[in-house]
Amino acid sequence: MISEVFRKSFHVFFGIIFLLLIYFLGTEISLLIITAIFIIGLIVSLLHKNGIKIPIFENVIFLVERDHEKHLPGKAALMFFLAAIIVLYLFKENPEIVLAALSVQIFADTAAAIIGKRFGKHTIVSKDHYTKTLEGTLACFVVAVIILFIFFPIEIALICAVIATIIEFAPINDNLTIPVVLAFVLKLLL
Numbered sequence: 526m527i528s529e530v531f532r533k534s535f536h537v538f539f540g541i542i543f544l545l546l547i548y549f550l551g552t553e554i555s556l557l558i559i560t561a562i563f564i565i566g567l568i569v570s571l572l573h574k575n576g577i578k579i580p581i582f583e584n585v586i587f588l589v590e591r592d593h594e595k596h597l598p599g600k601a602a603l604m605f606f607l608a609a610i611i612v613l614y615l616f617k618e619n620p621e622i623v624l625a626a627l628s629v630q631i632f633a634d635t636a637a638a639i640i641g642k643r644f645g646k647h648t649i650v651s652k653d654h655y656t657k658t659l660e661g662t663l664a665c666f667v668v669a670v671i672i673l674f675i676f677f678p679i680e681i682a683l684i685c686a687v688i689a690t691i692i693e694f695a696p697i698n699d700n701l702t703i704p705v706v707l708a709f710v711l712k713l714l715l
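Start counting the sequence shown at 526; every next residue gets the next number (our numbering).
In case anyone wonders, no lab produced these hints; they're calculated from the structure.
Remember, it's a predicted structure, so these values are computed and weren't measured experimentally.
Mixed in with the good hints there might be a few duds.
DSS-like mimics (lysine-lysine), calculated; alpha carbons at most 25 angstroms apart, straight line [as the list claims (entries may be wrong)]:
#: 1; residue 1: 600; residue 2: 646
#: 2; residue 1: 574; residue 2: 642
#: 3; residue 1: 600; residue 2: 578
#: 4; residue 1: 600; residue 2: 574
Just need the whole structure built from these sequences, with the hints factored in.
Here's what the structure looks like:
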């Protein structure tokens, strides 16, 4: 549990930096910065995968990666960066969509993981490294509604929170899919 809290704290910390970057510098400059960081991260991950260790990154990988993810270090972060790049590029004229879609992934995903691991008593599904609890799923939904309601009317917040919760529950990489799908749905609803 402690490792998951640390991992998600890392996730939230850097997520907030992303959001502040986008809010203060705008979508176009943020797109350039996040793309550059993504490329550097991808290179470091591939170097690590091929046996070339970079000391400072080794410590980070050891602390924040789940054991089953260490074969491609930073995969979750890279998927989130890729989602941010896609959303920033496609929705650069709608910063509120970008901020909302990324915020849901940052905060609702974190709530689902921490609440699910700490308070999850009712397992909905469990297979290999994939476990979802009712408590974690509800936490995802509630946090998603709150975040989305900051940006949009309640009916849009509820629809998008349901979609985000379904994606978070599915056995797919939600770091990539939640922000991208939510951005498209928000654009359609608005």
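Pairwise hint evaluation, residue 574 against residue 600, where the allowed Cα distance is 25 angstroms at most: holds, 11 angstroms
Hinted pair residue 600 and residue 578, Cα distance within 25 angstroms: Distance of about 16 angstroms is within 25 angstroms: holds.
Hinted pair residue 600 and residue 646, Cα distance within 25 angstroms: violated, 28 angstroms
Restraint check for residue 574 with residue 642, where alpha carbons must lie at most 25 angstroms apart: Violated: residue 574 and residue 642 sit about 29 angstroms apart, past 25 angstroms.
The structure shown violates the earlier hints numbered 1, 2.
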